[in-house]
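Q: Assemble chain D onto chain Z, guided by the hints.
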Amino acid sequence: MRLGKAVGIVAPMMIQRPSPARPGRPEVPARESEWVSAIQAMAAELEDLNHSTEKDFLSVGGKLMDFMSLARQISSDMAVLSELIAGEHGRSASAALVQVREDAQQMGVRMEQSGQALAAIKELSGRVRQAFSKLRETVSIFRTLCTLTRVETARLSSDVSSFSDLADQVKPLSESIQSSGERVLTSSSDLDRKVQQALGNAADLSVRELREVHSLISNVVEGLKSFEDGQQRALEASGRQAAQHREVCQAIEDLVRSIQFHDITRQQIEHVCQALRQICSEVGSREGTGSPAPAHTRAALTLESSQLAGAASAFAASVAHMEGDLEAIAVRVSDMAAASNNMMGLSEDENDSFFLRMEGCLTGILKALGSCASAETALQSTASELEETIRGMRQAVHEIRGVEIQIQRTAINATIGSAHIGEAGSALNVIADVMHRAALDSNGSTEAAAGALDSMRDAAERAAGGSRLAVSGGGPRSDDATGQMRQVILELHTSSERSFSRLKQIVTLSSQLSDDIRSLLAGLSVGKLFQEVVARAQSELKRVGADAGPAGSSSSELDPTQHLQRFSKRYTMQSERDVHRAVSRGEASAPVALSAEPSAGTGAEIDAETSDGDLGDNVELF
Amino acid sequence: MNDAIAKPMIEWLPAYAVGVPQIDAEHQRLFALAEGMHLAMLAGQGKAALSALLADLVAYTCYHFTHEEQLMQRTGYPNYQDHRMQHERLRAWVQAMQDRAASGEITMTIEVMQSLIQWLKRHIAVSDRLISDHMKACGISAHPRD
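In the order they appear, the protein sequences are chains Z and D. Residues 1 to 622 in our numbering are what the first sequence spells out, letter by letter. Residues 1001 to 1146 in our numbering are what the second sequence spells out, letter by letter.
If we strip away everything but chain Z, and leave its shape as in the complex, we get:
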């Protein structure tokens, strides 16, 4: 991959300029001097170095583009996570959780009301039993009265034959009272048992499930506070991380630019190679095979060495800067990963993470809601059974009431009949009176029982009834409310699992980016190689220059001053670097600061050129 492609998104980028001045390797004489061979070899090595460093930098540039892409994905993930925990979704989740808490509290109130109603039924059932506690005694009284009636009618014989059927009328009625009364008592006992059981369930529910629900809801409310704290922290952290991310992206872009500066260094090396080959071509061909380099080349070689030194210095600074920047990016990304980890409580002990605790709470709430719903259903079922039982008891009481009326009527008739008999019927009159009073007493108890049963019916309706009351009030049915709560919890859990996965991804990608950068740094040896090759080249130039012949022995057509002027016109690299840097900073028309190195005449020429908007032969802007 070419760096130009790799850094395609960076505005001011370098494109490999065509090199019209680079003729390739000049023809080497059949028998060249040793110094010419040495310089040719050196130029070849410098060109290899150029290729090698270019390849390395292209590779680094490609990696940086990968890092940029990864950093952007992390940024995108951060935005999604922030939205999940602190955005609209997070706010609606919080509101939904508050609604669940309110619904659960209403459910608790309903169940408490049902429990109170059951307790009332139990108390009322006691009153029914109390009302019928003298039932057997009353029936016994009626039986006795029947016996006395038979005895008395036998004594009075045919005169009061009309009384002979009194006993026959009262006896079955009293039996009926007994039968119905026994039924009421049996039902009452049955009802007692059911109420006891239902109360036990309700009490158990109150103690276990309701308390558990309240406890769990309290946990969730606490969790909600943590969630809100987390949201706030997430907002702050995401703000910080967004800034950090921008810095990371900026740092990577800066790095790409600094790599582009290498293109200038590469051209500088190319120019040195070109100049050295030109020296070999122009001077070396005129010299004998064993001759040293002519004296006037010494200055030129020194100049080339100086150019190499400048390039090496610029390259070393560039590589050091790049390494420093890469390390800084790695540290920053690593910090971002740690911050992401801490943001939602993903600690080293991941079994105790915020997400797991929330999931545990939500699961507990769902379980408790399920238990509560089951208990509520069972309570309603029990209440329905109680209603049925109470209905049967009321029917029995209704029958008793009818019988009592019949007995009273019979007793009244007997009283009237005994009055017709006169003195002889006084005993029967007493019996009829007692029977009447007994029937009245019995009815008093029956009415008390009937009153208690009416209250029991109302209580049973209340026990069955949070949901029925809610329906009549237009509110949601109990099972609907439970279903809605369940749905909200499931949605909260979905949000939670998405946040968990997103955060895991951010942490993993950040760690991966940090590791990749450090891995790249560890394998970066281009700086050392550059220094080694340039040092060798400088040493060789120094050696050839030192071996150069004495002044005046050269057959060159140009004197040293002419050579220097000719060469110095080519070496404008520092100026070009300054221009490129200025352009990279958005100062396209920035004045060119010239190095003090070139001769005054050369500087004036360049000044004149740049004032016309030409930024130099070796710089192309895009």
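Keep in mind the hints are simulated off the structure, nothing from the lab. The structure displayed is predicted, hence computed values, not measured ones. One or more hints might be untrue.
[To be verified] The calculated lysine to aspartate or glutamate pairs, modelled on EDC-like cross-linking and capped at a C-alpha distance of 16 Å, are: (1) Z:Lys122 x Z:Glu387; (2) Z:Lys367 x D:Glu1011; (3) Z:Lys63 x Z:Asp515; (4) D:Lys1047 x Z:Glu491; (5) Z:Lys122 x Z:Glu491; (6) Z:Lys528 x Z:Glu323.
A: For chain D alone, coordinates are given in the frame of chain Z:
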């Protein structure tokens, strides 16, 4: 906003290779299962994917652990018992998770994923590599079952 996942988050690396193609392929299968679950959770579909994942994990622990245990026995792996105990613990855990899911509990995707990631980090990336080290140290060439 581009929400595409360019690279798998849970990815088998050559560094995890035991050196037995079948075992390595089965490890890769587990990483793929975890990655699939991760993607489902990212999309908010974790609960829908849970029962299939657990069924796959039950099958996986059945055939993969058998293969691995056979390999350990065949090569005389010294930590066989300890390693097998780790397998037993995962088998029991997977079964417990499946039982909970069968009872209607579905809000356990984070717990399942967390445990799965820990298993990948600690067991496959660490414990299973010890088998590979043992085989290399003993100069053993494993012959995987077909």
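Q: With reference to the structure, classify each hint as holding or not holding.
A: Okay, the hints, checked on the actual structure:
1. Z:Lys122 x Z:Glu387: holds (13 Å)
2. Z:Lys367 x D:Glu1011: violated (35 Å)
3. Z:Lys63 x Z:Asp515: Between lysine 63 (chain Z) and aspartate 515 (chain Z) the Cα gap is close to 12 Å, so the pair holds against 16 Å.
4. D:Lys1047 x Z:Glu491: holds (11 Å)
5. Z:Lys122 x Z:Glu491: violated (42 Å)
6. Z:Lys528 x Z:Glu323: Within the cut-off at roughly 12 Å; holds.
Checked against the numbered hints above, the structure breaks hints 2 and 5 and satisfies the rest.
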